[in-house]
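Colleague: Throw the hints in and build the complete structure from the sequences for me.
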Amino acid sequence: MAHTILVTGGARSGKSRHAEARACAFPGERFYIATARAEDEEMHARIARHISDRGEGWTTVEEPFDLAGALDRTDGRGPRLLDCLTLWLSNLMLDGRDWEPETVTLVAALARQRSPVILVSNEVGMGIVPENALARAFRDAQGWLNQRVALMADEVEFVVSGLPMRVKSAPPA
Amino acid sequence: MAHTILVTGGARSGKSRHAEARACAFPGERFYIATARAEDEEMHARIARHISDRGEGWTTVEEPFDLAGALDRTDGRGPRLLDCLTLWLSNLMLDGRDWEPETVTLVAALARQRSPVILVSNEVGMGIVPENALARAFRDAQGWLNQRVALMADEVEFVVSGLPMRVKSAPPA
Amino acid sequence: MAHTILVTGGARSGKSRHAEARACAFPGERFYIATARAEDEEMHARIARHISDRGEGWTTVEEPFDLAGALDRTDGRGPRLLDCLTLWLSNLMLDGRDWEPETVTLVAALARQRSPVILVSNEVGMGIVPENALARAFRDAQGWLNQRVALMADEVEFVVSGLPMRVKSAPPA
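Protein chains in written order, with the working numbering: chain S, 1481 to 1653; chain P, 1481 to 1653; chain E, 1481 to 1653.
For the record, the hints were derived by calculation from the structure and aren't laboratory data.
The structure displayed is predicted, hence computed values, not measured ones.
Among these hints, one or two may not hold up.
As the list claims (entries may be wrong) - Partner residues are not named here, just some residues of chain P that face chain E (Cβ under 7 Å, in silico):
1. THR1488
2. ALA1516
3. ILE1608
4. GLY1623
5. TRP1624
6. VAL1636
Stated by the list, open to error - Per the computed footprint, the stretches of chain S lying under chain E, defined by three or more beta-carbons under 8 Å from a beta-carbon of chain E, are:
7. 1492–1504
8. 1635–1649
C-beta atoms are modelled at their ideal positions from N, C-alpha and C, and glycine is treated no differently.
Modeller: Okay, structure coming up:
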């Protein structure tokens, strides 16, 4: 049975690094499911730094949209680090897709996995209400998405200053 | 003696739903003290969704300003869910009122309640400093308000991805 | 051997007040290392309020840039409250300095202190991605800085609504 871990936190909080450490504790081949698309200089630099930080021993799967498919294709071999739900949501919204059924599809896929999945997401709702309507819609969608994934996850960790705080515990072994 | 619970968190973090669950655990008639005013389409849709999420069994009291009065009028009958302090503060500031004495009045009213009160508020100070001076003033006022209510509350919970983290515990029974 | 405490949280979350209480629990002369510069009315009012809140019994050291020097000069006499890393980072970036080597210098200085240091910092990465490129760069830098200081600190506390949540514990005595 799969073990699902949600690692959430602010920008540059050390979420990805912590999620990688969690993934590395599981046996088997390690997959990095990347939702980022290198469309500008800044994003290109971020991706390069993430790859360099992560080191050797990962098989990278680039998938901006079909996370359920990427999970199903890599299942049964080892842990999958999915980084991150925030860029995935951004990809969906910028592409004009409806994020709600996509979220249902993702959660259903998570529920049928046999190998572990570690998902990285962002907290984006703790600032002042954005003036921009699209930003408000994104903030709402991100909040709902995090709640739905957290509800089905076995563990949820909130990362502050690089350190994990426990939000939801694994059930007793 | 009243039991006061502050439930705080980011936008779309699941604060209201969690606060409702806390309120439903107390016996008696349940009151929903709503600070929202349906002045535009977006807010109207939010209010409709909140009412639908909450379900049957609530008496709604709409009160954008006088929370102390709304609490006193409903005391002695059952739990009151006050949702939320952020919209109340926004109402006060947009109406040109001084939020500081209003906060003193609210905290004094909370201290004299006999029935439980569950208050919902937002964390708004964990983003970049807003460029807009009014937004900075709002962020400061929200921070002070949360501190004052948290100081007198019996319990404070911080909701992340729909799940509560304990900030302040109830005193031992 | 020094005891290093990082107190982080949102704007107006009560970080400074909590950090002062932590500092006051240590014996010896108390130093307040202030990174703020009173360059406009709003900042002037904030500094005045901080000084008034803090009360008597503090020696104030104003140091917008050279925190390592300020720590070394005040070492061996009592606790130092450094408030705050966010303004220090802002000072560095507005002055066109490279914050990364400055951070290395600060962390090295922290490691050699004999008297306690309590550092205040801000969480700024839990809102929507800022549209402004400088704000994004600042948010990234603040995140990295917090991670580096948290890694070497003995204790890290995250303040919500004036109340501390424990992120990293002191090692057992």
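Colleague: Decide, hint by hint, whether the structure agrees.
Modeller: Quick rundown of the hints versus the structure:
Against a cut-off of 7 Å between C-beta atoms, the interface hint on THR1488(P) holds, since the closest Cβ of chain E lies about 6 Å away. At a threshold of 7 Å, the smallest CB-CB gap from ALA1516(P) to chain E is about 21 Å, leaving the interface hint violated. Residue-level restraint check for ILE1608(P) holds (minimum Cβ-Cβ distance to chain E is 5 Å; threshold 7 Å). Interface restraint check for GLY1623(P): the shortest CB-CB distance to chain E comes to about 2 Å, inside 7 Å, so the restraint holds.
Given hint, TRP1624(P) at the interface with chain E, holds; its Cβ is 6 Å from that chain's nearest Cβ, closer than 7 Å. Using the Cβ-Cβ criterion of 7 Å, the hint placing VAL1636(P) at the interface with chain E is satisfied: the shortest such distance is roughly 6 Å. Proximity of the segment 1492–1504 of chain S to chain E, defined as three or more residues with a beta carbon under 8 Å from a beta carbon of that chain, is established by the 3 residues found. Given a C-beta distance limit of less than 8 Å, the hint that chain E covers the segment 1635–1649 of chain S holds, as 5 residues qualify and 3 suffice.
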